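Protein chains: 2
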Amino acid sequence: MQQPVVSCSMPAEEIESVSLPVGWKSYRSPEGRKYYVNTSTKVNGHQLHGASGHVLEHPDVFLRKTSLSNQSPGSTSPARRQNKEKEIKETKITINCVTFPVPTSAPEQQLLKPSEWSYCDYFWADKRDPQGATVSGFEVLLQKQLKGKQMQKEMAEFIRERIKIEEEYAKNLSKLSMFPMAAQEEGTLGEAWAQLKKSLADEAEVHLKFSSKLQSEVEKPLLTFRGDNFKKDMKKYDHHIADLRKQLVSRYAAVEKARKALADRQKDLEVKTQQLEIKLSNKTEEDIKKARRKSTQAGDDLMRCVDLYNQAQSKWFEEMVTTSLELERLEVERLETIQQLLRQYTTLRHETDMFNQSTMEPVDQLLQSVDPAKDRELWVKEHKTGDLRPVDMDI
Amino acid sequence: MQQPVVSCSMPAEEIESVSLPVGWKSYRSPEGRKYYVNTSTKVNGHQLHGASGHVLEHPDVFLRKTSLSNQSPGSTSPARRQNKEKEIKETKITINCVTFPVPTSAPEQQLLKPSEWSYCDYFWADKRDPQGATVSGFEVLLQKQLKGKQMQKEMAEFIRERIKIEEEYAKNLSKLSMFPMAAQEEGTLGEAWAQLKKSLADEAEVHLKFSSKLQSEVEKPLLTFRGDNFKKDMKKYDHHIADLRKQLVSRYAAVEKARKALADRQKDLEVKTQQLEIKLSNKTEEDIKKARRKSTQAGDDLMRCVDLYNQAQSKWFEEMVTTSLELERLEVERLETIQQLLRQYTTLRHETDMFNQSTMEPVDQLLQSVDPAKDRELWVKEHKTGDLRPVDMDI
Chain A
0 MQQPVVSCSM PAEEIESVSL PVGWKSYRSP EGRKYYVNTS TKVNGHQLHG
50 ASGHVLEHPD VFLRKTSLSN QSPGSTSPAR RQNKEKEIKE TKITINCVTF
100 PVPTSAPEQQ LLKPSEWSYC DYFWADKRDP QGATVSGFEV LLQKQLKGKQ
150 MQKEMAEFIR ERIKIEEEYA KNLSKLSMFP MAAQEEGTLG EAWAQLKKSL
200 ADEAEVHLKF SSKLQSEVEK PLLTFRGDNF KKDMKKYDHH IADLRKQLVS
250 RYAAVEKARK ALADRQKDLE VKTQQLEIKL SNKTEEDIKK ARRKSTQAGD
300 DLMRCVDLYN QAQSKWFEEM VTTSLELERL EVERLETIQQ LLRQYTTLRH
350 ETDMFNQSTM EPVDQLLQSV DPAKDRELWV KEHKTGDLRP VDMDI
Chain B
0 MQQPVVSCSM PAEEIESVSL PVGWKSYRSP EGRKYYVNTS TKVNGHQLHG
50 ASGHVLEHPD VFLRKTSLSN QSPGSTSPAR RQNKEKEIKE TKITINCVTF
100 PVPTSAPEQQ LLKPSEWSYC DYFWADKRDP QGATVSGFEV LLQKQLKGKQ
150 MQKEMAEFIR ERIKIEEEYA KNLSKLSMFP MAAQEEGTLG EAWAQLKKSL
200 ADEAEVHLKF SSKLQSEVEK PLLTFRGDNF KKDMKKYDHH IADLRKQLVS
250 RYAAVEKARK ALADRQKDLE VKTQQLEIKL SNKTEEDIKK ARRKSTQAGD
300 DLMRCVDLYN QAQSKWFEEM VTTSLELERL EVERLETIQQ LLRQYTTLRH
350 ETDMFNQSTM EPVDQLLQSV DPAKDRELWV KEHKTGDLRP VDMDI
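So the sequences go chain by chain: A and B.
Position 362 of the first sequence, counting from 1, maps to 361 under numbering that gives the first Met the number 0, and the rest follow consecutively.
Position 22 of the second sequence, counting from 1, maps to 21 under numbering that gives the first Met the number 0, and the rest follow consecutively.
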């Protein structure tokens with residue numbers, strides 16, 4: 000994995016930055032990464048790099064307060080260092096291998112995207128789930144996206160059930176419209192009645208059309224607008240971020256190991272120095288120089304480990320911001336897509352009611368035309384038996 | 000049964016009537032019955048009455064052509080009478096005991112209710128049904144009314160089936176609206192989705208209301224607007240008219256019997272007269288007078304029987320007109336009632352579609368208010384893990 004270590008011989012653009020501790024400067028690397036450099040410290044020819052940067056969609060400036068000692072840890076006496084470290088340690092805290100400022104000491108930490116309640120601002124810490132297991136903030140974001148996919152699936156099921164109800168209704172109306180009740184009614188009333196019965200078949204058509212459009216314009220899109228790739232993508236993000244956390248964990252372990260080794264070396268040096276002073280042993284100056292050399296080396300090792308740790312944390316930080324913003328975008332897209340599809344649902348419902356109303360028009364017209372006199376004429380013409388009236392019999 | 004015999008000593012109003020044969024006058028009796036009187040014929044002190052009248056809702060004048068001999072049948076010689084009868088018999092014909100003019104001899108018979116295709120004009124004759132049985136015109140009219148009752152029953156069944164379909168639909172929508180699909184969706188999208196689900200329960204309400212009104216405002220009236228009394232009334236009419244036809248049949252039988260008796264008497268007289276002239280037997284003038292007297296009596300009997308027959312036919316005629324007009328009125332009423340009830344059906348359908356549309360309004364509103372930013376804020380506030388960003392570790 001590429002380490003964002005930048006040696007000071009690389010071309011870099013120095014940028015103005017307020018509130019940096021004395022001796023520190025901020026630069027932007029050619030890739031656009033911001034980082035901070037302590038120009039006054041030189042240890043073994045290497046610059047100390049407390050570099051951290053991130054790639055944001057828009058050029059927010061973020062301020063980080065750091066409090067780093069500006070001297071090699073190995074070159075001062077443990078006693079003096081201890082005092083300073085006490086001051087230093089109180090401003091930061093490492094939880095689950097992630098290093099945070101102690102809240103009271105970082106009042107100026109502004110949100111990356113103020114007023115937006117952005118995912119990239121609120122999910123840095125881990126939390127405990129109800130079972131007591133540790134869950135990263137990123138996990139919470141990921142679970143939301145997976146739940147969103149579940150939601151759209153359930154919405155599609157709901158629509159499917161509606162479709163089935165509509166098809167059942169249409170089938171029943173259609174069947175009834177063909178029943179022969181009062182089929183023998185004739186004339187204008189017979190016509191109106193026949194049309195009324197037919198209107199049920201028309202209504203059935205309307206509801207079938209509704210269910211068909213529900214299927215193609217609402218249900219299907221709900222099912223498919225996040226394809227199967229979605230879950231794969233989520234898995235990819237999950238693993239990637241998890242891997243970066245794992246790296247952080249191993250680098251933190253290295254730091255702790257180096258810190259212990261340094262402490263051991265410093266203890267050894269102190270003991271040997273004391274012994275020399277009270278001429279307790281036959282240790283020579285040579286021995287002390289060796290001990291001091293080992294101590295300094297241990298100090299260098301520690302600095303290197305801390306540096307590697309900070310690099311790993313920066314990398315994780317960058318990916319967190321990038322990925323959480325992507326998840327945020329996906330969530331906006333999900334809401335907007337669902338909104339649009341549900342609007343389509345209500346549009347189809349409106350349409351359906353209007354089409355349904357129109358099935359009544361021909362019935363209304365024929366009912367208006369019902370004419371008892373006309374029907375009597377029709378019927379009498381067909382069924383009359385004789386129009387000659389009886390007359391008296393003759394004798 | 001009251002016989003419409005009016006003696007000429009009763010007060011009667013003579014009314015003008017065109018096209019009556021010579022010697023006939025038309026009168027209106029106090030009850031309002033029109034009848035015709037032959038003022039020139041006196042037989043045994045009784046007027047001949049070829050009276051027929053009817054009660055019509057409005058004062059139509061109807062013309063009846065009669066051709067009656069204006070002499071007692073018993074007083075002329077059989078030979079002369081036979082010639083005249085031959086002429087007379089060709090103008091009338093008795094079918095199933097009902098006497099009609101022979102069509103070619105009654106060109107002026109105008110309809111009682113011209114241009115109306117009224118029942119009272121077209122159902123005088125009997126007909127044969129497909130099985131060959133004789134069916135009276137009145138029967139045909141009655142059957143139509145009974146069939147109409149069957150029609151309204153079948154229409155009510157149709158509506159009942161529609162009601163069941165609506166209730167099923169409503170039940171399904173109601174159930175679905177309570178399914179927990181995507182119940183975990185939160186924020187503005189969650190609200191819109193919840194309202195969409197609820198709208199199914201609202202739609203169910205609309206359809207339940209529809210089915211309920213269908214039941215009370217269409218189905219029930221269709222079932223009950225002709226009560227059970229209707230069938231009883233129809234039976235009453237049926238029996239009443241049938242009884243009058245039966246009377247006619249028996250009176251016709253009497254006429255035929257009297258006619259035969261007269262023929263026998265006349266034959267006897269003729270034979271006796273011939274015998275006197277050729278002095279064939281020792282019959283005296285006394286015997287001939289007796290034979291003549293019997294002949295005259297037989298003639299009187301015949302006239303009485305014909306008169307009774309004509310009264311019976313008039314009665315039947317009146318009742319036919321009255322009752323067929325009532326059936327006609329009932330049929331108009333049936334059509335108008337059904338028209339109104341079916342219009343109520345279409346009104347309810349219109350209403351239902353409108354109410355159904357309105358269930359979408361709150362859904363549309365909430366969908367409009369879907370706000371990804373707001374939802375993110377809500378969710379982040381609830382689920383954030385920490386907003387302190389990591390910082391570099393110090394040495």
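In case anyone wonders, no lab produced these hints; they're calculated from the structure.
All figures in this text were calculated on a predicted structure; none of them were measured in a lab.
Careful, some of the hints might be misleading.
Copies of one chain are not kept apart here, so a pair can be met inside one copy or by any two copies together.
[To be verified] Derived pair list, reagent style DSS-like, types lysine-lysine, alpha-carbon separation capped at 27 Å:
hint: 1; residue 1: Lys197; residue 2: Lys256
hint: 2; residue 1: Lys314; residue 2: Lys278
hint: 3; residue 1: Lys112; residue 2: Lys373
hint: 4; residue 1: Lys197; residue 2: Lys163
hint: 5; residue 1: Lys293; residue 2: Lys256
hint: 6; residue 1: Lys170; residue 2: Lys219
hint: 7; residue 1: Lys383; residue 2: Lys234
hint: 8; residue 1: Lys170; residue 2: Lys196
hint: 9; residue 1: Lys143; residue 2: Lys373
hint: 10; residue 1: Lys212; residue 2: Lys197
A quick look at each hint next to the structure:
1. Lys197 with Lys256: Result: close neither inside a copy nor across copies, 87 Å intra and 62 Å inter.
2. Lys314 with Lys278: Classified as neither: same-chain Cα gap 51 Å, cross-chain 162 Å, threshold 27 Å.
3. Lys112 with Lys373: Answer is between: at 15 Å across copies they meet the 27 Å cutoff, but 81 Å inside does not.
4. Lys197 with Lys163: both (23 Å within a copy, 18 Å between copies)
5. Lys293 with Lys256: Intra 15 Å, inter 160 Å, cutoff 27 Å: intra-copy only.
6. Lys170 with Lys219: Classified as both; 23 Å inside a copy, 26 Å across copies.
7. Lys383 with Lys234: For Lys383 and Lys234, only the inter-copy Cα distance (21 Å) is at most 27 Å; the intra-copy one is 87 Å.
8. Lys170 with Lys196: This pair counts as both: shortest intra-copy Cα distance 14 Å, inter-copy 24 Å.
9. Lys143 with Lys373: Result: close only across copies, 16 Å inter versus 71 Å intra.
10. Lys212 with Lys197: Cα proximity of Lys212 and Lys197: in one copy and across copies (23 Å, 21 Å).
The structure is inconsistent with the numbered hints 1 and 2, although it conforms to all the rest.
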